[in-house]
Amino acid sequence: MLDRSAQLLGAEATRAQSLGKTLRRLGGYFRRYLWAVVLTGLLIVAATYMQITVPDLTGQAVDCYLGPFTAGQSGRETAGGLSGIPGDLQASIQGSQAFGNCWYTTPNPAAETSQVLAGLGGLILLIIALYTGSAVISGIQFYLMAWAGNYALRDIQVQVFKHLHRLSLGYFNRQESGDVMSRFTSDIDTLQQVIGFGLVSVFQGGLLIVWTIWVMFEKSFGFALVSLVTLPLMIVVTQWLSNQARRAFRQARKEIGAVNADLQESISSVREVQAFGREEENIQQFNTQNAANRDANVRAQMFTSALAPSLEALSYVSLAIVAAVGGFYILSGRDFLSTTLSVGLIITFINYSQQFNRPVQQIALLWTNLQSAIAGAERIFTLLDQAPDIADAPDARPMPEIRGHVRFERVEAEYNPGDRILKGIDLEASPGETIAIVGPTGAGKTTIINLIPRFWDVTAGRILIDGLDIRSATRDSLRRQIGIVLQDTFLFSDTVMNNIRYGRPEATDDEVVAAARLARANDFITKLSSGYETVLGERGSGLSQGQRQLIAIARVALTDPKILILDEATSSVDTRTEMQIQEALERLHEGRTSFVIAHRLSTIRNADQVLVLRDGEIIERGRHQSLFDARGFYHDLYMKQFRRRQETAEPSIPI
Amino acid sequence: MTRSTDRQEKQRVPKSLGRAVGYLARYPRLAVFATLSLLIATGAQLAVPQLIQNIIDAIVSNALNQAILSIPAQFQDLALQRLGLDLTAVQTELNQANQTLLTASLIVVLFATARGLFTFAQGYLSHMLSENIAFELRSDLFAKIQRLSFSYHDRNRTGQLMIRATDDVERLRGFLGQGLLLALQSFLMLAGTIIILFSSNARLTLVVLPVLPIAIIVFMVFGSVAQPLFAEVQKRLGAVNTTLQENLAGLKVIKASVSERREQEKFDREVDHLLQQRVKVARVFSFLFPFIFLTANLGQAAILYFGGRQIIDGTFSIGEWLKFSLYLTFVFIPMGQLGFIISLMAQAAASAGRIFEILDAHNDVENRPGARELPSISGKIEFKRVGFRYFGSSEPVLSDISLTAEPGQTIALLGSTGSGKSTIINLIPRFYDVTEGQICIDGHNIREVTIESLRRQIGIVLQETTLFSGTIRDNIAFGRPEASDEEIIAAARAAAAHDFIETFPEGYDTLVGERGSTLSGGQKQRLAIARALLLDPRILILDDSTSSVDLNTEYLIQQALDTLMAGRTSFVIAQRISTVVNADQIIVLENGRIADRGSHEELLERSPIYAEIYHSQLSENVRLDPA
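Here the protein sequences line up with chains A and B, keeping their order. Oh and the first sequence: position 186 is 188 in our numbering, straight run, nothing missing. Oh and the second sequence: position 217 is 1166 in our numbering, straight run, nothing missing.
Okay, chain A solo, but in the shape it has when bound (with noise of 0.2 Å):
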């Protein structure tokens, strides 16, 4: 209400691609309540059938009831006090010409006064019954329209959300995760804002000046032409100064996000700013923004408080317009173009006018944010055409239970057609046998331990888990045996007890408190202040990384995987949960085949197979020893170390 025009005005403009197209698919989804929408259709009719005939009963009761006696005003004498004069003179002098307006009832000059008030009171009745109807549908028609427009929101948001899980991985590769994020709930926003109110006042608005436009047409043409004449530039000069408002606000937008990352940043670092002693470069160069962000604002502000008051002084003055013309033939005596004026059909057509200024300023400002939900509406269904990009085979059959043999046949991947991350990967793993990958950033290290569970599949070559090529097998099956820890530690907002448990909700609190156990976190977990109930915050905060680790770990050693994939964590943690983070993997690594994205040395040299990769391919492989031996690449990498322990007198580590 205080600053609805610049919210709208701010809000971001889009258009979509194929309208009929969007609009229509959109239509689909309000099918399930077809009777809401088509109900609020003739409510809408209804509902403007009162608004346009209130003005017009408003100037009946003054031509028909209350002209008669304006000839009696005050400080004159009453109505009554014609008499001696012949009464088609006396209906003349008050204002017959004007009963030719009259439709409601026909007047009688010579009615007694009490009769006139009992008319008048009919009339006003059955105002008051339109004002009450008018309110009961409008009443109706708004709470069906926003029923109907958060239900079928609803149901998009739900096929949205169980399509993102259907999307493979590569997917959110190409995407960021954030850009789906945003358009997800801004383009859903929009839609919202728009679909109950925005809609249902847009229709309205648009037949209630299409039809106020027609009855005073039908009324008199001429008098219409004349009080619409600042119709024409309401639309002008709203439509501009929108347009202005809202490019200003583009730019507004970019400064305050300006603004925003400069104070985020400032805030998140104010430690270095002050060991630097920045604090007063730091603050001028913040206030340049700031400024800058200010001066936007006050641009598009312009223009947002410029429409209000020009379409009020547009419309009063078509008010003066109306008043004075009308009077002026009223004076004159001449008929309006065929019409009789009376001081009743002024007065209608004063409502009338004054009636265009609030739809006409609504459609202004709806218009575009209509056009920017319908751009949300093609974006949300771009997304839900895009095709799953792995599914399961139609005679896939679930994954027997694994023993743990693997093998990589010939294996290549790609994420972009053309693009080969693997290059015809061979490895074999038997049970129980531990794999550790090592080689540099975006020799494919991920993207091989991303094809087990199937997050990817292999464009060319196969693999085999004992045996079974793995896209036989549903996802499902074949995942809920595969165990993952991953190099950041996701973690829910919910209890400690409920992440351990993510993987198998169906786990005892016994169960879950043995795997925490075996993880080693349980330590920590009991010191927490609700113990296993500790609601973590957003992402996990309030743990620290390592402890993040150990929950992580619990969560897989408790779904007892036969295949373990882990992605070691290379950010630094204390020395104390490092340690436990090593004993707890050692563990989880027992009895499992495993692959492992290998950071430490430790888990290098426990491993049965190092496998060294660079640019997709294996370049070599064996045990640490062997590999050391052969002095190649591995070698580099590990004399370079070496080099260093030799300066500090190597240590008795107890690995």
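Hints listed in this document are in silico derivations from the structure and should not be mistaken for laboratory results. Keep in mind that a hint or two might mislead.
Below 27 Å or equal to it, Euclidean Cα-Cα: the simulated DSS-like pairs (lysine-lysine) are [what the hints assert, rightly or not]:
{"id": "1", "chain 1": "A", "residue 1": "Lys-164", "chain 2": "A", "residue 2": "Lys-23"}
{"id": "2", "chain 1": "B", "residue 1": "Lys-1215", "chain 2": "B", "residue 2": "Lys-1201"}
{"id": "3", "chain 1": "B", "residue 1": "Lys-1201", "chain 2": "A", "residue 2": "Lys-164"}
{"id": "4", "chain 1": "A", "residue 1": "Lys-256", "chain 2": "B", "residue 2": "Lys-1215"}
{"id": "5", "chain 1": "B", "residue 1": "Lys-1215", "chain 2": "B", "residue 2": "Lys-1229"}
{"id": "6", "chain 1": "B", "residue 1": "Lys-1093", "chain 2": "B", "residue 2": "Lys-964"}
{"id": "7", "chain 1": "B", "residue 1": "Lys-1093", "chain 2": "A", "residue 2": "Lys-164"}
{"id": "8", "chain 1": "B", "residue 1": "Lys-1215", "chain 2": "A", "residue 2": "Lys-164"}
{"id": "9", "chain 1": "B", "residue 1": "Lys-1215", "chain 2": "B", "residue 2": "Lys-1184"}
{"id": "10", "chain 1": "A", "residue 1": "Lys-425", "chain 2": "B", "residue 2": "Lys-964"}
{"id": "11", "chain 1": "B", "residue 1": "Lys-1229", "chain 2": "B", "residue 2": "Lys-1201"}
Computed footprint of chain A on chain B, listed as stretches where at least three residues anywhere in the stretch have a Cβ under 8 Å from a Cβ of chain A [stated by the list, open to error]:
{"id": "12", "stretch": "1088 to 1094"}
{"id": "13", "stretch": "1195 to 1207"}
{"id": "14", "stretch": "1399 to 1409"}
Only a predicted model underlies this, so the values are computations on that prediction, with no experimental measurement involved. Every residue gets a Cβ at the ideal spot worked out from N, C-alpha and C, and that includes glycine.
Since chain A is already given, all that's left is putting chain B on it; use the hints.
Just chain B now, kept in the frame of chain A:
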């Protein structure tokens, strides 16, 4: 937040709002002109119905005049007599009728234009005013936050401070700039209209007046009902978005644990929860809005009837009735606005309270009155029985720390997490002030010198290097923006950063930080070293825990650090064996006390704690390759 601070906040709130209103005085011209525009615009608005009445009355009475003059002459006199009119007066009035009509219409146009212009001026000026106040508030907040000591930032999260500088400022801006003026305008309109209504027709006013309390009640209900409803929508929307966010960020975990269905069920539940609240809002609104309009319309119907009666009685004219009807619409809009503004006021007051809480926060590290500049130092650092405890905590983090570092010495600090290593290095540049004892540099108590002159002579390389949005050059020159290109490149070379910088197409002009390209941990660390080298400080503070870097990089970093430390007094939280072995003194900390000190050989021989730390913490910290 505890209950007692809650109460304090409540007491502070009204005062804060008053203080925020005081910001208006910083822009007296804008405030005065905005108020003047408001007065003129409101005056013009109030005049319009009267002007319209003039037009209608002119039409109606002249229509009568004309009718009388047009009837046959023999009845004219009778009619005039019966109506109590005078022929010449009637004729003159009629002759001037068109003129009167035209003048009255033009006056309406004139007033409409004035109204439009001044409403615009009022809106524009008040926006300008509010944006300027927001500017001031943000600027003050930013400056304060930048200067507040570490202990303040320990207690407050970035996100919370952000919200104060963005949402709270925005809310206060909305209220101060527009809310206050609108409240004044609404009040003037309301008062003016009621006075005019009473003076023109008291009886009729009394008939419609009872509608007003109803309207006020409706608006107040609206204000109090809407707020919690929307808050609940926001809360539920937040839950939906959190689930979505988690599903995107934790997609791999979810897929790996085959939990898609469970997540879908959770999401569906939350969306339904949101839907129900939205439908509830719609239900409330679809009752409230039409009800408000209906109340206003019933007022109109009432004056049509009762006004009509008076017209029939001859005590009221059609023009007056139309005027009345227009004025009545003037009563409703300001009442709605007032109701809305009152609901805004509570929020604005809370926001103001939160903003001033920061602006008034006590900075516990400040220059003492009469603090001197620290002269150029040679680098001797003495801790004299230093103790420290964090704000509001009774547990000391450090107690009884005494040590002396001669110029050029390297002091290695060892100890488990929480032993007080970081606290010691934070005390030297006065990120915190000691709570007991004193720290002297070249014999100057650091609390007696200015913070700026102290920090300028200390170089700091923290464990996590934050890069700022800007070029690599800006980031190296962070502590010395006036440094020449040659100096910057020399520093980068010494920090083994020059080579990788040169591999970027834009070289030193490469944009980094939040909006630029990302650098690896090792690259960031070398930029931090270059940054410290460029300052050429006498004292160096170093947290050398390696983050994820490959061996080659680690080697380069090690060499860069050796260059950096050469000839400077260095305090190092040591993770590398070479650092410890080469240190002049090793300080072993345990529970905030010095457990042992000496050289590597001495300690290895006699200190079991040192041996344990040495073996467990320092050896396994080498990693094979980058992330």
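Violated hints - listed by number, lowest first: 4, 7, 10, 11
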